[in-house]
Every structure is written in structure tokens, then in C-alpha cells.
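Q: Counting in our numbering, the sequence shown runs from 1 upward without gaps.
Hints listed in this document are in silico derivations from the structure and should not be mistaken for laboratory results.
For glycine and all other residues, C-beta sits at the position ideal for the given N, C-alpha and C.
A couple of the hints might just be wrong.
What the hints assert, rightly or not - When the alpha-carbon atoms are kept at most 25 Å apart in a straight line, the in silico DMTMM-like pairs for lysine to aspartate or glutamate are as follows:
id	residue 1	residue 2
1	K380	E400
2	K406	E347
3	K221	E412
4	K221	D70
5	K40	D320
6	K221	D346
7	K40	E72
8	K299	D192
9	K221	E404
10	K49	E84
11	K40	D66
12	K221	E190
13	K40	D70
14	K299	E144
15	K299	E190
16	K406	D418
As the list claims (entries may be wrong) - Using C-beta positions, here's what the derived DEER-type ranges look like:
id	residue 1	residue 2	range
17	S294	R51	36 to 42 Å
18	R381	D346	20 to 26 Å
19	D66	D346	51 to 57 Å
20	L47	E349	54 to 60 Å
21	G256	Q293	17 to 23 Å
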Amino acid sequence: MRSIQIGMLGLGNVGQGVLRILGENGPAIRDRIAANPVIKRVLVRDLDKSRDLEVDPGLLTTSAEDVLEDPEIRVVVELLGGIEPARSYVLRALVAGKHVVTANKALLAERGDELFRAAASRGLDIYFEGSVAGGIPVLRALREGLASDRIDRVVGIVNGTSNYILDAMSRTGVGYEQALAAAQEAGFAEADPTLDVGGGDAAHKLALLTLVSVGVRVDPKRIHTEGITRVRPFDIRSARELGYVIKLLAIGDFAGEAPILRVHPTFVPREHILAGVLGAYNAVEVSSRALGQSMYYGKGAGMMPTGVAVVSDIIEVCRDIVGFSEGGPPPGAFREIRELAPGVLDELECENYLCVHVPNVPGVLGRVASCLGRHEVSIKRMNQDTPGAGEAIDMVIITERTAEAKVRAALEEVDRFDFSLGPTHRFRILDPEPFEAPEPAAEGEG
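With the hints as constraints, model all of the structure from the sequences given.
A: Laid out in C-alpha cells, this is it:
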């Protein structure tokens, strides 16, 4: 049986998961591809570091050249994370004629175009299933299973840290800081959680979902991004009373010429399937014209879930090498990748949750309602506390479906009122109906 030599860059949690899966499932993997994938060298920073998995010391090296310049190595698995030196190493691997597998969403979201072009020009593969939603095969579903369909929308919970924190706030009633500390203690949040709780990680993943869904590359820095740090226990309670759950969603709407992309905390109807995604789990709902809604759910991070995705990519590359497939999906899923700026959100319409913090004095409610009316923001429902006269209240308003620009203009005016006690808390409400599929043509038409 033919052996295919593999080099790895990095041996953190995911790298150890890859080695464990290849070791435990080796016979089944060899049967699936009629070849034997063999790890030849592994780049590490510290040869003497204690690791959970027992690794043959002869595999380890601190020199990237031992991986990148070895002519016997056909596949390089990049698991370093970050932009550099990962980008330079991947480019060197491609120039040397090696296929690449990576789980590095930041690298691909920010520099993927350069890497995909380098791979395509040399007839090489870049696989990156592990970069979005861990072990959930959503990228493969979009790239292959739904290749014949038109993707109109993706809505996903793609950051397990934020979902874990919001779930803890909902279950226990604690505030954001306490929930974050608990997540860090449990190992579900980094010491510096900024990329996760600020929405940046989800924006990177949304950029990759957009690339694979519609062949459009977007700069993740241009994706409208809000994090979860301003979510309060009051907002969590209000959502529950109104029949919603707050989730950090990554949403891509692709029906128009330019994709409308956004990451923000969202009021999700309690009966929606995404409302039931708890803890550090991930889920992505895909809306396509022929199939309709489909859901992809599972563990979104960790040694074994992401390891499964990485090994599945290794299997696909090995199949290409031994000739099981010829001319498979190009790097990035589309042969021609367009580079577009995300569409503006101004015309995006949705219902909204508004929480206006004001004193309980006569005339305040009327002025807020009049302001919303001037900007054509209709009120669907309103609740407010009943404290004593003069005390501060949280006025909760649910709007009808309204264009983003109108809501934003109205809130800018409300927050400038002399009685305003702070910026209005606003959450968009998930629209469960992303698009209307066209009616099939009558017989004899078209």
C-alpha cells in the first residue's frame, strides 16, 4: 500500500487530536483511501514540552525547513494559528509543490485570496474544513453537497465562547463579567477573550462561509461586527419574557448583488432551532432555493472535534494524490473568486428590541414615541417598569420590521434627548423567513 508523507506545523490541542485520530482510526482510514497517511515530521516550539499525548521524539523538530524542504512530504498541515509565520510557511509549502490542510480561519479570511491563487496556479489543494465550526462539516456541505443549489442565506452560532457565556447568563442570571470568568475557569474562554466576545472570530468565519457559499471574498474588517460585552442580565430577562433567547449570530444574506454580512447579538425566537443551541456548541442554518432550510450542528471547537475535520481534509487530499478524484473543487470552492465590499445594512429590514433608560417623569414616553414615529419606526409592543415617580426606568420597545437606516437615525436622536440616561440598548430580532423562493413556472412557460 502506498504511503503518503505528511508534515505538521504545530502540535497544540488540535495537532494532538489529529495524531490521536490517525492512530486510533488508522486501519479504517487506510481502507477508505487505499493509502497510508504517515506523519513524518512535526514542527514544535519546544521539544521538551509536556504533552497530553505520547509522541515519538523522532518526529519533532524546531526547524520549519525540516517540514517545508523535505521532498518526500506531500501534504503540510498548518495548525499554528495567526497570520505570521503561518502565511509564509503555507506559501513556501505551495511553492514547493505540497498540498495544504489548515484550520486557521484568521489566515484564510484575511490572506486567503493570495493563498488560493498560489495553490490554483500550481494545481494544488488547500482544504480548511476545521476553520469554521470545528467538527461540523458545513464547509464541505456548502462546497460539495449544495454545489448545485443557490445559497441565499447562512445564519450561524459559530463562536462557542460567546454562546457559552450567553447561555450561562440565561441559565444562572449572572452578569457578563461573572459568566466570562466562569467560562475562563472551565477552559471555554481565553485569558484574552477579545476576539471571541468582540465578534471578530465570528466575522472571520462568516467571511469563509461567504467565500464557500457564493464565491465572494470580503475583508472581515468590513463586516458589521458587534460583540456581547454590552448584554445585561436585564436584556436576558426581557428576552425571555418576550419569548426570545439572545444569541451571537453571524448572518450572511446573499440574495442581492453584494452580500449583506453582520455579526451581532440577536433576539432569536424561542421556537427557532438555533435557540436550543447551548453551551459551547455551534450550529449553522443554510437557506437555499432548491433544498430550503438545512441545519448543521455539533461541537464547534476542541482537540477531537476540530481534529476530525482536519483529518477528513487529510483524507480528501490523499484521495486526490492517489487518483480517487480528478479535478475536484478548486481552492476556495469557486474557480473565479470575486472580491466585493459587503453591502450596506441601511436597507436591511428586521424587527428590533430597544431598551431606553430614562427617568419616570411625565412626557418622556410621548417624546420617545414621537421621535420613533418621525423616523417611520412603528412600535409593535412596549413594556416598562413601574417604579416611583422620578426614578429611572427601562422602557422596552419592540419595533415592527423597519429599515436599518431609519432605526439608527431614530436612536441617534433619542440618545441626544436631555432626559436620556445612557445609550439605547438595541438588539436585532432574527427573521425566520430569509427569502421567498420564486414560484415554479407553469407548464409550458419558460
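Q: A separate judgement is required for each hint: does it hold in the structure or not?
A: Okay, the hints, checked on the actual structure:
The straight-line distance between the Cα atoms of K380 and E400 is roughly 5 Å, inside the 25 Å bound, and the hint therefore holds. Simply put, K406 and E347 have alpha-carbon atoms about 9 Å apart, close enough for the 25 Å limit, and the pair holds. Between K221 and E412 the alpha-carbon distance is near 24 Å, which keeps this suggested pair within the 25 Å criterion. Of the supplied pair hints, the one linking K221 and D70 is violated, its CA atoms being roughly 36 Å apart against a limit of 25 Å.
Note on K40 and D320: the hinted pairing holds, with a Cα-Cα distance of about 19 Å set against a maximum of 25 Å. The hinted pair formed by K221 and D346 meets the criterion: a straight-line CA distance of about 18 Å does not exceed 25 Å. Taking the CA atoms of K40 and E72, the gap is near 9 Å; set against the 25 Å cutoff, the hint holds. As the CA atoms of K299 and D192 are separated by approximately 22 Å, the hinted pair is consistent with the 25 Å bound.
For a cut-off of 25 Å, the pair hint linking K221 to E404 stands: about 20 Å separates their Cα positions. Proposed proximity of K49 and E84 is supported: the alpha carbons are some 22 Å apart, at most 25 Å. Restraint check for K40 and D66: the C-alpha separation of about 10 Å stays at or below 25 Å, so the hint holds. Annotation: proposed proximity of K221 to E190 holds, straight-line Cα distance about 21 Å (limit 25 Å).
Among the hinted pairs, K40 with D70 is consistent with the structure: their alpha-carbon atoms are about 10 Å apart, no more than 25 Å. Straight-line distance between C-alpha atoms of K299 and E144 comes to about 21 Å, which keeps the hinted pair within the 25 Å bound. For the proposed pair K299 and E190, the alpha carbon gap of about 17 Å is at most 25 Å, so the pair holds. A distance of roughly 21 Å separates the Cα atoms of K406 and D418; the hinted pair therefore holds under the 25 Å criterion.
Hint check: S294 to R51, Cβ distance near 38 Å, so the stated range 36 to 42 Å holds. Distance hint check for R381 and D346: the Cβ-Cβ separation is about 25 Å, which falls inside the suggested range of 20 to 26 Å. With their beta carbons about 53 Å apart, D66 and D346 fall inside the hinted range of 51 to 57 Å. Checked against the hint of 54 to 60 Å, the pair L47 and E349 passes, with Cβ atoms roughly 57 Å apart.
Against the hinted window of 17 to 23 Å, the Cβ-Cβ separation of G256 and Q293 comes to about 20 Å, which satisfies the hint.
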